[in-house]
Every structure is written in C-alpha cells, then in structure tokens.
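> From first to last, the protein sequence lines are chains W and Y.
So the first sequence is numbered by UniProt numbering: it starts at 1 and just counts up by one.
So the second sequence is numbered by UniProt numbering: it starts at 1 and just counts up by one.
Bear in mind the hints are in silico, worked out from the structure with no lab data behind them.
Errors might be hidden in some of the hints.
Copies of the same chain look alike in the list, so a pair counts if it works inside one copy or between any two.
[Claimed, not checked] Simulated pairs of lysine-lysine, DSS-like, Cα-Cα distance not exceeding 25 Å:
hint, residue 1, residue 2
1, 552, 428
2, 506, 428
3, 545, 514
4, 580, 514
5, 545, 580
6, 428, 63
7, 63, 370
8, 428, 132
9, 132, 289
10, 320, 63
11, 545, 513
12, 320, 132
13, 518, 545
14, 492, 545
15, 566, 506
16, 197, 186
This structure is a prediction, so every number in the text was calculated from the model and none was measured.
Here is how the chains run, residue by residue.
Number of protein chains: 2
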Amino acid sequence: MLLDNISSPADLKNLSFDQLVSLAGEIREGLFNRLTKKGGHFGPNFGFVEATIALHFVFDSPKDKIVFDVSHQCYPHKMLTGRAYGFFDETQFSKISGYSNPDESEHDFFKVGHTSTAVSLACGLAKARDLKCQNENIIAVLGDGSLSGGEALEALDFAGEQNSNFIVVLNDNDMSIAENHGGIYKNLKELRESNGKCASNIFKSFGLDYIYVDKGNDIPSLIEAFQKVKNIDHPIVVHINTLKGCGYKPAEENKELWHWTAPFNRQTAERPVSNAENYNSMTAEFLLKKMAADSTVAFVCPAVPANFGFTKQNREKAGKQFIDTGIAEEHAIALVSAMAKKGTKPVFGTHSSFIQRTYDQLSQDLCINKNPATLLVNTASVWGMNDITHLGIFDIPLMSNIPELVYLAPTNCEEYFAMLDWSIEQNKFPVAIRMPCNGIIHTTEPVQKDYSDLNKYKITQNGSKIAILALGDFFQLGEKTADYIEQQSGQKPTLINPRYITGLDKELLTELKKTHEKIITLEDGILDGGFGQKIASFYGSSPVKVYNFGLKKEFLDRYNAQEVLKNNHLTPEQIWQDIKN
Amino acid sequence: MLLDNISSPADLKNLSFDQLVSLAGEIREGLFNRLTKKGGHFGPNFGFVEATIALHFVFDSPKDKIVFDVSHQCYPHKMLTGRAYGFFDETQFSKISGYSNPDESEHDFFKVGHTSTAVSLACGLAKARDLKCQNENIIAVLGDGSLSGGEALEALDFAGEQNSNFIVVLNDNDMSIAENHGGIYKNLKELRESNGKCASNIFKSFGLDYIYVDKGNDIPSLIEAFQKVKNIDHPIVVHINTLKGCGYKPAEENKELWHWTAPFNRQTAERPVSNAENYNSMTAEFLLKKMAADSTVAFVCPAVPANFGFTKQNREKAGKQFIDTGIAEEHAIALVSAMAKKGTKPVFGTHSSFIQRTYDQLSQDLCINKNPATLLVNTASVWGMNDITHLGIFDIPLMSNIPELVYLAPTNCEEYFAMLDWSIEQNKFPVAIRMPCNGIIHTTEPVQKDYSDLNKYKITQNGSKIAILALGDFFQLGEKTADYIEQQSGQKPTLINPRYITGLDKELLTELKKTHEKIITLEDGILDGGFGQKIASFYGSSPVKVYNFGLKKEFLDRYNAQEVLKNNHLTPEQIWQDIKN
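Please take these sequences and the hints and turn them into a complete structure.
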C-alpha cells in the first residue's frame with residue numbers, strides 16, 4: 001500500500017498523478033474500514049479526499065498551515081500525516097479523534113468542532129506570521145455549509161482587507177448537514193454554473209481574489225489550482241466544486257443521511273435502525289400536531305433539523321412553518337424573538353453545545369425584550385455528545401444567569417411535553433427547555449400543565465432530615481439516592497423536582513429549614529455557576545448544610561459517562577458516603 | 001414650530017417638501033438642545049434626520065415597522081413619534097432613553113443597543129407577518145459600521161432567500177465609531193463611487209435586490225426611493241449615502257470624535273476636557289511601550305479603539321501592531337487565539353457588554369485550545385455604562401465558568417498593570433483581566449509580578465471571626481467594611497483580595513475555617529453564577545456561615561449606581577447589619 005510509505009506529507013511529493021489517484025483509493029478504504037466499524041462523519045470526508053491529497057502535494061505542512069473548519073473532513077489529512085493506523089487498525093481507532101487535534105500531530109493546529117471558525121483562526125496565524133516577518137502559506141479549508149455562520153463571514157470581511165498571503169479553500173459540495181439555506185447559496189450556484197465567471201461574486205465583494213475549480217474531485221485540476229495560489233501575496237478564495245460522499249453511491253445519492261453515519265454494512269448500505277421511541281421524533285410529531293392546529297406555530301432550526309426529528313418528510317409536512325436558518329444560530333435567536341413579539345409561536349431548537357453561540361442574542365434580542373419564544377436545548381447532559389468540542393454540560397451556567405429567561409428542566413417525558421405545550425401557548429416569558437437526555441422515562445403521575453407561577457418546586461416525596469433537590473435528568477439519580485439513603489439510614493429523605501433552573505423557590509427552601517439538616521443538590525452539568533451553588537448561597541448563613549453534586553468545570557473529551565459520573569461522586573453510594581458524616 | 005403639530009408620523013403626510021426641509025431644521029435644533037446639555041450619540045442622529053423624515057413620510061408606522069440597528073440614530077424618529085418633549089424640554093430629558101424603547105412608544109418594537117441585530121429582528125417580524133397572512137412593510141435600518149457583525153451578515157443571507165416584502169435601509173456614512181475595517185467597505189466605496197452600478201455588489205451576492213441613493217441627506221431623493229420600494233414583494237436593500245454629523249461642521253470634520261458627545265458648547269464646539277488619569281489612556285500608553293520593545297505584541301480591538309486609549313494618533317504609533325477588526329467580536333477572539341498559538345502576544349479589548357458576543361469563541365476557539373492570549377474587559381462594573389443594553393454586570397457568570405480561562409480581578413492600578421504585564425509575557429493560559437472601573441486607585445504596597453501559581457488569594461489584613469473576600473472593584477468596599485466592622489464590634493476582620501475569579505484557593509479557605517465563623521463575599525456583578533456562590537458551595541457542609549453580597553440578577557436601566565448599591569445592601573453599614581445576627 002502506498003500509504004505504508006507515507007509518514008508525513010513530504011513523502012507524497014514524489015508520487016506520480018497515477019499513484020496519487022491510487023492513494024485516493026487507499027484513503028477511501030481506510031475511511032470505509034473505520035466508518036463501517038466505528039461510524040463517524042462520512043460525506044465530508046469522502047468528498048474531500050482528492051483535495052486533501054492535492055493540498056499536501058502542493059503545500060509544505062506543517063510549515064504551511066492548513067486549518068480545517070469544523071474539521072469533520074480531516075480524516076484523509078490524518079491518514080497523510082502519520083495517523084493511518086487510526087483508520088486501518090481497529091485496535092487503534094480510539095487513538096485518534098474525529099476532529100483536528102494538535103495533541104495528535106504537528107500538522108493539526110487547533111481543536112475544532114464547531115463550524116465557521118477556520119477563516120478566523122487562519123487569519124490569526126497569518127497575522128502572527130506577518131508580525132514575525134515569516135513567509136509560509138496559511139490555508140483555511142471551509143465548507144459551503146459553514147459559510148453562513150457569522151464568525152466565518154466576519155473573518156472573510158477581515159481577510160478581504162489584508163495584504164499578505166492567505167488562501168481560503170471553499171469546499172463546496174452544495175450541502176450543509178441538510179440542504180443549504182440563505183441567499184449566499186444562490187450565488188454559489190451561479191458561480192458553479194458559470195464556471196466561476198458570473199458577475200456577482202460574494203468573495204470578490206468581500207475584497208478577496210477568487211479562482212474556481214469545477215472538478216473538485218480531480219487531483220490534477222486541484223494541484224494546478226493550488227500551485228497557482230501557492231506563495232500568493234494577497235488573500236484569495238479557491239472555490240472547489242466537490243461531490244459530498246464521493247466514491248460511495250448511497251452517500252452520493254442521499255447526502256443528508258450520509259453526512260454522519262453509525263457503523264454500517266458496506267455492501268448493503270444498511271445501518272441498524274432503532275424503532276425505539278426517541279425525543280427527536282417525538283418532538284417533531286408533537287410540533288407537527290401543534291402546527292396543524294395553529295398556523296402561527298413554527299419550528300426554527302439552525303441547520304440541525306433531523307436532530308429534532310425534522311427529516312425531509314417532516315420538513316415538507318411543516319411547509320412554511322419549518323424554518324431552517326442554515327448555520328446562523330445568532331440570527332435564529334433574534335428571529336424567534338421578533339416572531340414572538342408579533343404574536344406568533346416560534347420554537348427554536350439546537351444542541352447545548354451550539355447554543356453557546358447565542359449568549360448575546362439570548363440576553364439582548366430575546367430576554368431584555370421579554371418576548372415569549374420557546375427554545376429547546378438538546379443533548380444538554382453528561383449523556384449528550386462526548387467530544388471536547390460538543391459537550392452539553394455548560395448550558396446551565398451559560399443560560400440560567402440571564403435575567404428574565406425561564407429555563408425549565410423536565411424530569412420525564414410527560415413533563416417535557418407539558419412544559420413545551422405550556423411554553424408555546426403562553427405569552428409572558430422567554431422560555432428554554434432542557435430536553436431530557438437520559439432515555440424515555442414515562443410517569444403515570446399527573447403532570448402539571450401550567451408553569452406560569454414561576455419557581456415553584458415540586459415535592460415528590462415527603463421526608464425529613466435530608467432533602468434532595470434533583471434537577472432534570474438527574475431526578476432519577478435523586479430517586480435512587482433517596483431510596484439508598486432510606487435503606488442505609490432508615491430515614492426517608494424528602495425528594496424535590498425543582499423544575500425551574502432559573503429561580504429559587506424561597507418559600508419552600510425556607511420551610512425545609514424547619515425539618516431538614518442536610519440538602520443535597522444534583523445537576524446534570526458543571527457545578528460552577530450552576531443551580532446547586534445558588535442553593536448553597538441561599539442557605540449560606542443558616543445551619544442547614546448543603547452538598548452540591550454535579551460535574552467538575554473541565555473540558556472532557558471522548559469520555560465514558562459512567563466513569564465521569566463515578567469520578568464526580570455521582571452514584572447513590574458515593575453521595576451517601578460524602579454526606580453521612 | 002411644525003413639530004408642535006406632529007404627534008405621530010401620520011401628521012407628516014400633508015407637509016410640503018419645503019416644510020419637510022424646515023422640519024429637518026427643527027429636529028436638528030432638538031438634537032442640539034438635548035446633546036449640548038445632556039450629551040449622547042451625535043453623528044449618527046445628525047446624519048439620519050432626512051432619512052427619518054422620508055421614512056415616516058412614505059411608510060405608515062406603526063403598521064409598517066421600522067427596526068433600528070443599535071438605535072443610536074433613532075432620536076429624530078423619537079421626535080416624530082410623540083417624544084419631541086424629550087429633546088426640547090430639559091425637565092423631560094430623562095423620560096426618554098437614548099435607544100429605541102417599546103415602553104415609550106408603539107412605534108418602537110425592540111429595546112436595542114448592540115449592533116448588527118436589526119436585520120434579524122426585522123426578519124422575524126416579516127416571518128410572523130407572513131405566517132399571519134398580513135401585508136405591512138418591514139424595514140430594517142442598518143449602519144455601514146454594523147454591517148460587519150456576524151449577526152447582521154447571517155441575517156442578510158437569510159433575508160436573501162425570502163420571497164416577501166422586506167426592506168433594508170443601509171445608512172452608509174462611511175464610518176463605524178472609528179473608521180471602518182474589512183473588505184466589505186471596499187465594495188461599499190465602489191458602490192458609492194459608481195452610483196450603485198459597479199459589477200461587484202455584496203447585497204446582490206447575498207440574493208437581495210438593490211437600489212442606491214447618492215443624496216442621502218436630500219429629502220425628495222429619499223422619498224422617491226422609499227416610494228419605489230414601498231409594498232415591494234421581495235427583499236431589497238436601499239443603500240443611502242449619508243453624511244455623519246450632517247449640519248454641524250465640527251462633527252462633519254471629525255466624525256470619530258463626534259460619534260458620541262458629552263455636553264458641549266455649540267458655538268465653540270468645546271467640551272470639558274478632563275486631564276485626570278484614566279485607565280483608557282494609561283492602557284494605551286502601557287501597550288505602546290510593550291509594542292515598541294517587542295514587535296510581536298499587538299492590540300486587537302473590535303471597533304472601540306478610543307475606549308482603550310487608541311486614539312487616531314496612538315493607532316498610527318502602533319502601526320501594524322494595532323488591529324481593528326471592525327464590529328466582529330467573534331472573529332476577534334478566534335484571531336487572538338491563533339495569534340497566541342503562533343507565539344505572538346496579542347491583547348484583545350472590549351466592553352463587558354460586548355464580550356457577551358463571544359462565549360462560544362472564548363470556549364471553543366480560545367480555551368479548549370489553551371492559547372495564551374490576553375483579554376481586557378472594560379466597564380465591567382456597576383460603575384460601567386448604565387443603559388439596559390450596555391450593562392457590565394454579567395461577565396463574571398458568563399466568562400468565569402469556562403474551563404481553562406484565568407479571569408483576574410485587579411484591585412488597584414499597580415495590580416492591574418502587573419497582571420497585564422504578566423499575562424502578555426506568559427505562555428501558558430488564556431487570561432482575561434477585569435479592568436478597574438472605580439477610579440484610579442494607587443497602592444504603595446509591593447505588587448506581585450507573577451500570577452502563574454493560579455488561584456492564590458492574598459490576605460491583606462489578618463483578623464479573626466469574620467473574613468471578607470472582596471473581589472476586584474469591590475476591594476475598597478471590603479476595606480471600608482472591615483474598618484466599619486472593627487469599629488462596631490471591636491474585632492478586626494480578615495480581609496482578602498481573591499485576585500482570581502476563576503478558581504478557589506482551597507488551602508486558604510480551609511485554613512480560614514479554623515479561626516473564622518463568618519465569610520463575607522463582595523463582587524461587582526450579579527450574584528447568580530458568580531464568585532461568591534462558589535465560596536458558599538465550598539463551605540456548604542461546614543459550620544462556617546457565608547454571606548454573598550453583589551447585585552441581583554436583573555436588567556437595570558439608566559440607574560444611579562449609589563442607589564443600586566444601596567438596594568443591594570452594598571454599604572458597610574448594611575453589610576454589618578445583615579451579618580451581625
């Protein structure tokens with residue numbers, strides 16, 4: 001195998017074009033091997049094999065620096081930079097991450113997993129190069145989907161004013177995760193259709209030079225283009241037209257499905273399908289019913305529709321009541337705020353990790369204006385996504401300290417949908433809901449329908465001495481802990497479902513003082529700036545002892561949830577151990 | 001006066017063009033009256049008088065909806081919508097805010113003060129209109145400076161795909177607060193110079209229709225253009241070329257100085273100049289010295305250079321070591337992260353209120369990558385800016401709960417510069433510094449130079465029973481409180497300067513338990529998610545009592561700092577009263 005003799009990109013330089021084409025085949029075999037067995041990003045990597053080979057053939061990494069946007073297309077790059085073992089050797093899969101990672105290689109410069117950051121980061125490398133009077137090439141690799149994100153557009157504007165070497169490779173496969181949305185994409189289409197020659201050119205209007213490569217999966221064409229721009233003395237965009245999923249027919253034909261894949265059968269393209277209930281499809285089903293009954297209900301989603309059950313079919317059902325903003329989280333929050341202001345009923349949804357983009361919009365556009373939009377926060381949990389760039393454990397400190405926001409933590413399926421229904425129909429508060437992430441847990445107890453009497457916690461079990469405030473996804477841990485403590489101590493603890501992350505039930509907390517000596521708080525997120533610390537502060541001057549349980553403030557990476565829970569003393573046994581003395 | 005008969009825009013409709021011109025004169029008189037006496041945004045309002053008149057002449061507010069970006073150009077709009085008293089009657093100045101405000105008028109739709117939000121908010125109104133099958137005009141008014149902000153660009157992209165009425169008025173005065181930065185501005189210049197006819201057109205490349213009005217301060221030209229686009233069935237940009245500060249020569253000639261003004265003398269254009277020391281100019285002076293000694297030191301600032309002492313003269317002195325990203329806070333954080341990665345020494349600076357834009361970049365681009373950039377956070381205090389949209393009291397919960405960030409709170413001038421110097425020269429941590437905001441306080445005590453031994457608090461007075469942890473700007477309140485308590489109780493309390501917002505000195509806190517019964521924490525920001533609650537959590541299970549003092553989680557507006565402090569029990573007397581029992 002050619003790859004056996006490539007330990008760094010320097011080893012590519014002497015290969016013939018034919019050998020480079022064979023190399024592309026080998027890289028795809030590596031991708032198949034890892035992705036069929038472990039899963040991961042499929043379409044982006046298959047589409048960018050040739051471009052990666054051409055980049056490393058022309059440029060001199062790591063002196064020349066390639067920064068990947070999102071970096072979910074960097075698997076071929078990993079194979080050419082000494083990490084082929086992570087693809088061909090199943091025992092070593094876990095040694096490499098699914099994203100660029102400077103801990104793995106000197107050819108990676110940043111840990112990246114969010115979109116739209118590469119141009120900014122590359123601008124910083126270029127600025128530093130210029131301040132140090134050095135002269136390497138700086139290359140940002142950006143997908144067309146990422147182009148709509150504010151940070152990418154800000155950076156292109158900045159780049160357009162610079163006067164030194166800077167190369168943006170726009171990997172245009174005409175897809176985001178789902179289809180693209182936004183006016184920019186009409187321009188990209190025009191550019192593709194005119195072979196880069198149409199008058200209107202977004203990159204030129206940002207002040208950047210521009211060339212177009214129609215055959216974005218053809219190594220010689222790409223090499224020619226990259227050689228043309230190597231050592232250029234000003235910023236330029238190399239717009240390459242690639243095929244997402246290139247080299248695997250099912251993926252070329254259904255790009256959305258094959259953006260990311262679980263392990264699958266290469267021959268049949270089949271993946272294990274789960275028919276189990278899940279919150280994504282249940283949420284879509286619920287919202288579609290609301291939409292059918294009320295034409296002012298709308299679901300607004302920045303580019304992750306399927307993660308809320310809005311598959312292509314459901315998007316079509318929703319019609320104009322489904323709005324994909326493209327990757328544009330900031331815009332989406334302001335959008336729903338204004339929609340709510342004008343009396344419609346917008347529901348916004350994204351992941352805990354991506355809502356991080358919107359603090360200012362949550363505060364300024366939404367909460368200062370107190371507009372009654374609903375926000376769904378998905379995978380907000382230790383059981384959410386577990387890459388360092390996709391953690392769902394920071395949204396409580398991020399969001400719950402913003403005035404006027406009502407942030408709700410449902411503890412089971414029925415409570416989640418009751419809260420969602422209430423939020424859509426009320427017109428007083430901006431409301432966010434932390435979607436459950438610990439499996440579908442049903443209750444047969446009656447569930448409250450109206451949550452407008454803010455910050456009323458619910459006692460689900462009356463006891464004494466010890467009270468457990470078990471928030472959201474950790475309510476079941478609270479139940480188990482209550483049982484365990486009763487078993488061990490013979491004393492029944494009080495169990496409370498706080499429901500509201502954003503406020504204290506001071507009346508109930510004051511009442512608890514009379515008959516309780518110890519308060520345990522449990523929350524599915526980091527402790528710093530979170531829920532439990534507010535309870536500790538409330539009881540700070542009283543004799544009541546407070547024990548906050550949750551996660552340590554740290555960037556976890558590719559963790560095992562059970563281990564993390566144990567390390568943070570989040571089992572009933574450990575909790576009892578910690579508090580009993 | 002014509003204005004006397006205008007209680008709403010409807011009253012404008014029957015005026016002749018000549019009368020409209022007179023009206024513009026009257027509006028400028030109102031602006032002069034308020035701004036000479038009270039100060040406020042000057043250039044944006046003077047430049048937008050004619051456009052405001054034309055908008056209200058053509059469109060039917062409040063049915064047609066005008067959304068102002070930043071809304072620092074909405075004073076003329078306020079005068080035409082029943083609020084002229086707020087400009088002509090000094091006793092009523094304080095009844096109106098300096099920004100759009102739905103509490104004041106049905107012609108204002110949002111409380112807005114940050115840039116780049118208008119297109120998004122207007123898109124939301126348009127979407128809601130379409131869902132409700134209504135048909136009014138939706139107009140976003142956007143300044144050229146705001147155009148570079150990610151949220152605005154995301155929104156333009158979104159708007160470019162819509163198929164219904166939507167009008168963006170681009171108020172192009174060729175200035176941000178300071179000069180514009182970014183490639184987009186080359187295109188705006190081309191458009192102005194070609195009378196809107198050049199081939200490259202950023203708005204068309206975003207999918208929007210476009211017309212250009214060269215005489216942006218000429219009422220008939222503006223009316224003609226607005227009439228052309230009224231009731232249009234698709235999105236369009238009306239690009240108007242206005243003169244910032246139009247109607248006052250000194251402001252036309254020095255646009256940066258007259259963006260905002262303190263009260264001034266209309267005849268002489270003089271303002272009271274303070275020669276007192278201030279942190280802005282001292283910071284610039286310090287950084288310029290560092291830059292002169294080391295060509296890899298750079299100051300990166302998103303469009304607020306003067307607020308860090310980088311006046312035009314100092315920007316020229318700094319040369320390529322000063323980088324204005326334009327309004328692009330997200331990009332700026334990623335930029336400095338990458339600059340630090342490549343071994344240069346970037347310092348970023350903006351206001352507490354604007355750093356809110358960057359949570360995701362702080363977390364992903366900077367802290368996950370642990371790059372040693374320095375961030376300066378200005379007006380982060382109850383003594384900072386006091387409009388609801390510009391509060392500086394939320395940055396501690398926002399920033400201090402991000403892993404890996406070292407957030408420092410200096411307590412005096414010497415400590416601030418020592419921290420800044422250390423941060424620039426170290427290469428281990430991303431560091432943010434909360435710039436002092438309570439006046440220039442000097443110390444004669446020796447100040448620590450090295451802060452790399454993280455989270456070591458400093459005992460500045462040894463005492464017993466009571467310990468006061470007084471963070472940053474509230475350290476002097478801590479000193480006063482310590483004195484007062486000693487006076488009242490005869491017992492000297494311990495006084496501690498925590499210095500580090502982002503971590504606990506567990507050793508010291510544990511030691512305190514032995515000889516102290518009560519811990520007081522003081523912080524200049526909201527309590528929720530902040531510093532004190534972490535201390536309360538630390539002591540939660542111990543007999544030590546903790547009393548957290550700081551601000552309530554709320555959106556304050558145009559407040560008096562002394563009153564707010566009192567309402568939050570932040571005087572030595574109140575603190576003693578609260579803790580003595």
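> Work down the list of hints and note, for each, if the structure agrees.
Tested hints:
no., hint, result
1, 552 - 428, "between (35 Å within a copy, 21 Å between copies)"
2, 506 - 428, "within (22 Å within a copy, 43 Å between copies)"
3, 545 - 514, "both (13 Å within a copy, 18 Å between copies)"
4, 580 - 514, "both (19 Å within a copy, 22 Å between copies)"
5, 545 - 580, "both (11 Å within a copy, 20 Å between copies)"
6, 428 - 63, "between (56 Å within a copy, 23 Å between copies)"
7, 63 - 370, "between (51 Å within a copy, 21 Å between copies)"
8, 428 - 132, "between (55 Å within a copy, 20 Å between copies)"
9, 132 - 289, "between (60 Å within a copy, 18 Å between copies)"
10, 320 - 63, "between (49 Å within a copy, 23 Å between copies)"
11, 545 - 513, "both (10 Å within a copy, 15 Å between copies)"
12, 320 - 132, "between (52 Å within a copy, 11 Å between copies)"
13, 518 - 545, "both (5 Å within a copy, 15 Å between copies)"
14, 492 - 545, "within (17 Å within a copy, 27 Å between copies)"
15, 566 - 506, "between (31 Å within a copy, 22 Å between copies)"
16, 197 - 186, "both (14 Å within a copy, 20 Å between copies)"
Figure legend: structure checked against the earlier numbered hints; every hint is met.
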